[in-house]
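Q: Sequence:
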Amino acid sequence: MSLKVIDLFAGAGGFSTGATLAGHQVVWAANHWPDAVEWHSKNHPGALHVCQDLHQADWSQVPAHDIMLASPCCQGHSKARGKAKGNPQHDASRSTAWAVVSAAEYHRPPVVVVENVPEFLDWQLYRPWELAMNALGYSVSPHIIDAADLGAPQNRIRMFLVLTQSDAPLLLNLPKMTHKPASSFIDFDAGNWQPVEKPGRAEATLERVRAGRAAHGERFLISYYGNTKTGRSIHRPIGTITTRDRWAIVDGDRMRMLSRWECRDAMSFPQTYQLPSNHRLAVHLLGNAVCPEPVKQILQAVEAAA
Numbered sequence: 010m011s012l013k014v015i016d017l018f019a020g021a022g023g024f025s026t027g028a029t030l031a032g033h034q035v036v037w038a039a040n041h042w043p044d045a046v047e048w049h050s051k052n053h054p055g056a057l058h059v060c061q062d063l064h065q066a067d068w069s070q071v072p073a074h075d076i077m078l079a080s081p082c083c084q085g086h087s088k089a090r091g092k093a094k095g096n097p098q099h100d101a102s103r104s105t106a107w108a109v110v111s112a113a114e115y116h117r118p119p120v121v122v123v124e125n126v127p128e129f130l131d132w133q134l135y136r137p138w139e140l141a142m143n144a145l146g147y148s149v150s151p152h153i154i155d156a157a158d159l160g161a162p163q164n165r166i167r168m169f170l171v172l173t174q175s176d177a178p179l180l181l182n183l184p185k186m187t188h189k190p191a192s193s194f195i196d197f198d199a200g201n202w203q204p205v206e207k208p209g210r211a212e213a214t215l216e217r218v219r220a221g222r223a224a225h226g227e228r229f230l231i232s233y234y235g236n237t238k239t240g241r242s243i244h245r246p247i248g249t250i251t252t253r254d255r256w257a258i259v260d261g262d263r264m265r266m267l268s269r270w271e272c273r274d275a276m277s278f279p280q281t282y283q284l285p286s287n288h289r290l291a292v293h294l295l296g297n298a299v300c301p302e303p304v305k306q307i308l309q310a311v312e313a314a315a
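Residue numbering for the sequence shown follows the working numbering, beginning at 10 and increasing consecutively.
Hints are computed from structural coordinates only; laboratory data are not their basis. Every residue, glycine too, gets a C-beta built ideally from N, C-alpha and C. Errors might be hidden in some of the hints.
Cross-link-like lysine to any residue pairs, in silico, SDA-like; alpha carbons within 20 Å at most [stated by the list, open to error]:
#1 LYS238 with GLU206
#2 LYS13 with ASN52
#3 LYS189 with ASP158
#4 LYS13 with ARG117
FRET-style restraints, in silico, Cβ to Cβ [claimed, not checked]:
#5 ALA223 with GLN70: 57 to 63 Å
#6 LYS51 with ALA223: 17 to 23 Å
#7 LEU134 with SER192: 41 to 47 Å
#8 GLN61 with HIS152: 25 to 31 Å
#9 SER11 with TYR233: 40 to 46 Å
#10 TYR233 with ILE166: 17 to 23 Å
#11 GLY226 with ALA315: 45 to 51 Å
#12 ALA144 with THR252: 33 to 39 Å
#13 ALA223 with HIS152: 36 to 42 Å
Turn these sequences into a full structure, and let the hints guide you.
A: Here is the structure:
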């Protein structure tokens, strides 16, 4: 059954794309970042787009809908970005979750799905936020999901809150799919390859390459930051795609960074999905996005359980 969907904090459109893949119609999407709105609108031209701070949204102007999707800013919750108290930027980031309450209070859609990092559940104001949603008639069901278990070739652990106008929380019966390897999206015949031993290559990078070669052979991935010091096999899902270049491919005595198209595929966006030609902007958009394929599985499971 095709349902009408809105997408708060829509970003590059991962949530919206997942909803479309599940057979639903995205009717409205909003974000405060003009670049995100531009590229979301290119890929979802049938939706009404708004570029604004959602704290100031007039919810009466939002179309009627059956499902609200929301991915509030995660930077104030994420371990990767730090959660220090008193950081005004992080405090503002965490507060974006209250826009979900405001929108739900006005529209009362039957289903709300909120995506964030798992640390969202540790937020000091999570319990008051949950109680506010309870007061609006929603039961809250948290699910911690690795995108690799639901069809993306990437280990990316995120929290999905499924909120329904029901007496009891909706526990989803989600499949655990066979993991897709990184090799499924790497094109060894494309890209700007450079010699591993080129002049000026950082010794730390060379050490990672040597360790990766010892552990995985001639073809593998290395991470330019994070805890991965011995490389990563291309026969398993890649690690988390972030908002800046992180992963390099090593093939014998040559190496290169992932292309924006490979990052797109690692996030499980369709290959028809349009991206900016600016590599840095494309990677930033993708690293902030929600993986569409897991969203499709989640929304299909919601429909089956409802």
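Q: Against each hint, give a clear statement of whether it holds in the structure.
A: Hints versus structure:
1. LYS238 with GLU206: Holds, at roughly 18 Å.
2. LYS13 with ASN52: holds, 17 Å
3. LYS189 with ASP158: Distance ~9 Å between LYS189 and ASP158 Cα, so the pair holds.
4. LYS13 with ARG117: At roughly 13 Å apart (the allowed maximum being 20 Å), ARG117 and LYS13 satisfy the hint.
5. ALA223 with GLN70: 57 to 63 Å: Since the Cβ atoms of ALA223 and GLN70 sit about 59 Å apart, the hinted range of 57 to 63 Å holds.
6. LYS51 with ALA223: 17 to 23 Å: violated, 44 Å
7. LEU134 with SER192: 41 to 47 Å: holds, 43 Å
8. GLN61 with HIS152: 25 to 31 Å: Taking Cβ atoms as reference, GLN61 and HIS152 lie about 29 Å apart, which means the hint holds.
9. SER11 with TYR233: 40 to 46 Å: At roughly 42 Å between Cβ atoms, TYR233 and SER11 fall inside 40 to 46 Å, so the hint holds.
10. TYR233 with ILE166: 17 to 23 Å: holds, 20 Å
11. GLY226 with ALA315: 45 to 51 Å: Holds - the Cβ-Cβ distance for GLY226 and ALA315, about 47 Å, lies within 45 to 51 Å.
12. ALA144 with THR252: 33 to 39 Å: holds, 35 Å
13. ALA223 with HIS152: 36 to 42 Å: holds, 38 Å
Checked against the numbered hints given earlier, the structure breaks only hint 6 and satisfies all the rest.
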